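Peer 1: Below are the chains, spelled out letter by letter.
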Amino acid sequence: MRSTRVAEWMLSQVTTPQRAEAIIGDLLEKVPVRGALWFWWSVGTTAAALVWHDVTANPLRTLGLGLIGFVLVFALFSLLVLLALVAFVAVIGLVDQQRLAGLAQSVGHGWLRSAVSLASWCVLAMAQFQVGRWLARRSPDHELAPCVAFTLVGLTVSLALAIASPQPALQAIRDAMSAALLVVLDLPLYAGAVSVRRKRLVSR
Amino acid sequence: MKTAPLLGEFEQIVLLAILRLDDDAYGVTIRDEIAARTDRDPSPGALYTTLDRMDEKGLVTSRFGQPTPERGGRAKRYFRVTAKGEAAVARAQRDYQQLLQGLKLRGVGHA
Numbered sequence: 001m002r003s004t005r006v007a008e009w010m011l012s013q014v015t016t017p018q019r020a021e022a023i024i025g026d027l028l029e030k031v032p033v034r035g036a037l038w039f040w041w042s043v044g045t046t047a048a049a050l051v052w053h054d055v056t057a058n059p060l061r062t063l064g065l066g067l068i069g070f071v072l073v074f075a076l077f078s079l080l081v082l083l084a085l086v087a088f089v090a091v092i093g094l095v096d097q098q099r100l101a102g103l104a105q106s107v108g109h110g111w112l113r114s115a116v117s118l119a120s121w122c123v124l125a126m127a128q129f130q131v132g133r134w135l136a137r138r139s140p141d142h143e144l145a146p147c148v149a150f151t152l153v154g155l156t157v158s159l160a161l162a163i164a165s166p167q168p169a170l171q172a173i174r175d176a177m178s179a180a181l182l183v184v185l186d187l188p189l190y191a192g193a194v195s196v197r198r199k200r201l202v203s204r
Numbered sequence: 001m002k003t004a005p006l007l008g009e010f011e012q013i014v015l016l017a018i019l020r021l022d023d024d025a026y027g028v029t030i031r032d033e034i035a036a037r038t039d040r041d042p043s044p045g046a047l048y049t050t051l052d053r054m055d056e057k058g059l060v061t062s063r064f065g066q067p068t069p070e071r072g073g074r075a076k077r078y079f080r081v082t083a084k085g086e087a088a089v090a091r092a093q094r095d096y097q098q099l100l101q102g103l104k105l106r107g108v109g110h111a
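Sequence order for the protein chains is A and B.
Numbering-wise, the first sequence is residues 1 to 204 according to the working numbering.
Numbering-wise, the second sequence is residues 1 to 111 according to the working numbering.
Bound conformation, chain A alone:
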């Protein structure tokens, strides 16, 4: 079966490389009987079960780290946005106002808004990546566990905000569902944690 290396890499993020190799070997033995779909389903559920085992092994510490991480991302993001605003104001001060207004008009406000959104997302991704590295360094051999706690904290806060906001129930449910999609936005955090784990494994 092709691409088993990817499966092995996935599992080695949540357990030792030797154990990941043995688990993949076990699953491969059953592929002729159960099929490739079962193999990938098993890889996914096993990875989830192993990372959840790490989270629950020391729940208070892990949740605490997740909470600190959440606050750090928020603080770092705010700081970076503030720096960007200061830079923007400084540039406005230097550039001719009329030329700037003309530029905004020619580019279009929609494009400008998109550019600002993209820049904000990049800043958030940078902040998350750095915090992911910070969390992983504080959780040796269980690097992804505080990241999962971070995602849980983020989801809880988003869901609470969606439910508490004074709006019709249907809109609140829609907001709560879109909050679940925020998990995807946490990917840079996991990437940061994985980079620390990779370095740790290579140095052994």
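These aren't lab readings, by the way, just hints derived from the structure by calculation.
Please note that the accuracy of each hint is not assured.
Unchecked claim - Once the Cα atoms are required to be at most 20 Å apart in a straight line, the calculated SDA-like pairs of lysine to any residue come out as:
(1) K30/A - K84/B
(2) K84/B - G72/B
(3) K30/A - A36/B
(4) K84/B - V55/A
(5) K30/A - A75/B
(6) K57/B - K30/A
(7) K30/A - A35/B
Claimed, not checked - Listed next, the stretches of chain B that the computed footprint assigns to chain A, with coverage defined by at least 3 CB atoms under 8 Å from CB atoms of chain A:
(8) 21-30
(9) 35-48
(10) 52-64
(11) 74-81
As the list claims (entries may be wrong) - Only some residues are given here: those of chain A computed to face chain B with a beta carbon under 10 Å:
(12) T4
(13) S12
(14) D26
(15) S42
(16) V43
(17) A48
(18) A49
(19) L50
(20) A57
(21) R61
(22) D96
Predicted, not measured: the structure shown is a model, and the values here were computed from it.
Where a beta carbon is used, it is the ideal one built from N, C-alpha and C, also for glycine.
Please arrange chain B on chain A, whose structure you already have, making use of the hints.
Peer 2: Using the frame of chain A, we list chain B on its own:
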């Protein structure tokens, strides 16, 4: 003598399967043994987390075998029940037997 640790139901099943398999207890055979004897089909995730947890508690030990071609050159992780693990199973079974004494359960030949 220290009291043997308490076990969950699935932990008991896994320990008993390892004991039955003796030197051939690794992920695939353990799952097959459980499926054959109990009609359960434990998910790989549940099995591997239970094995890791019991390894951490000192109820089982593990060693890696030689890589084999049918597994894409990957080694097997063999498990053995430690004396502490055996004591824990014995204690759990003793407790069950004591609770079952005098009870007549439907579907159980002798209780």
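Peer 1: The structure should be examined with respect to each hint, and the outcome stated for every one.
Peer 2: Going down the list of hints, with the structure as the test:
1. Using a Cα cut-off of 20 Å, the hinted pair K30/A and K84/B is violated, with the two alpha carbons roughly 32 Å apart.
2. Proximity of K84/B to G72/B is assessed by CA-CA distance (about 34 Å); at most 20 Å being required, the pair is judged violated.
3. Only pairs whose Cα atoms come within 20 Å are accepted, and K30/A paired with A36/B is accepted, the gap being roughly 15 Å.
4. Distance check on the hinted pair: K84/B and V55/A sit about 26 Å apart at the alpha-carbon level, beyond 20 Å; violated.
5. Proximity of K30/A to A75/B is assessed by CA-CA distance (about 15 Å); at most 20 Å being required, the pair is judged to hold.
6. Our distance criterion of 20 Å between C-alpha atoms is broken by K57/B and K30/A, whose separation comes to about 29 Å.
7. For a cut-off of 20 Å, the pair hint linking K30/A to A35/B stands: about 14 Å separates their Cα positions.
8. Here's how the region 21-30 of chain B fares: 3 of its residues keep a CB closer than 8 Å to some CB of chain A, so the rule of at least three is met and the hint holds.
9. By the rule of at least three residues with a Cβ nearer than 8 Å to a Cβ of chain A, the coverage given for the region 35-48 of chain B holds, with 5 such residues.
10. Taking a C-beta to C-beta cut-off of 8 Å, the region 52-64 of chain B contributes 3 residues in contact with chain A, enough for the three needed, and the coverage statement holds.
11. Under a criterion of three residues with beta carbons nearer than 8 Å to beta carbons of chain A, the stated coverage of the region 74-81 of chain B is upheld, 4 such residues being counted.
12. The restraint placing T4/A at the interface with chain B holds, with a minimum CB-CB distance near 6 Å, inside the 10 Å limit.
13. Residue-level restraint check for S12/A is violated (minimum Cβ-Cβ distance to chain B is 12 Å; threshold 10 Å).
14. For D26/A, the shortest C-beta to C-beta distance to chain B is roughly 4 Å, which falls under 10 Å, so the interface hint holds.
15. The restraint placing S42/A at the interface with chain B holds, with a minimum CB-CB distance near 5 Å, inside the 10 Å limit.
16. Against a cut-off of 10 Å between C-beta atoms, the interface hint on V43/A holds, since the closest Cβ of chain B lies about 9 Å away.
17. Satisfaction of the interface hint for A48/A is found here, the shortest Cβ-Cβ separation to chain B being roughly 7 Å, below the 10 Å cut-off.
18. Annotation: A49/A was flagged as interfacial toward chain B, and the flag holds, the nearest CB pair being 3 Å apart, inside 10 Å.
19. The criterion of a C-beta within 10 Å of any C-beta in chain B is met by L50/A, whose closest approach is roughly 6 Å, and the hint holds.
20. Nearest Cβ of chain B to the Cβ of A57/A: about 8 Å, under the 10 Å cut. The hint holds.
21. Hint status for R61/A: violated, given a least beta-carbon distance of 16 Å to chain B, over 10 Å.
22. The restraint placing D96/A at the interface with chain B is violated, with a minimum CB-CB distance near 63 Å, outside the 10 Å limit.
Violated hints for the displayed structure, listed by number in ascending order: 1, 2, 4, 6, 13, 21 and 22.
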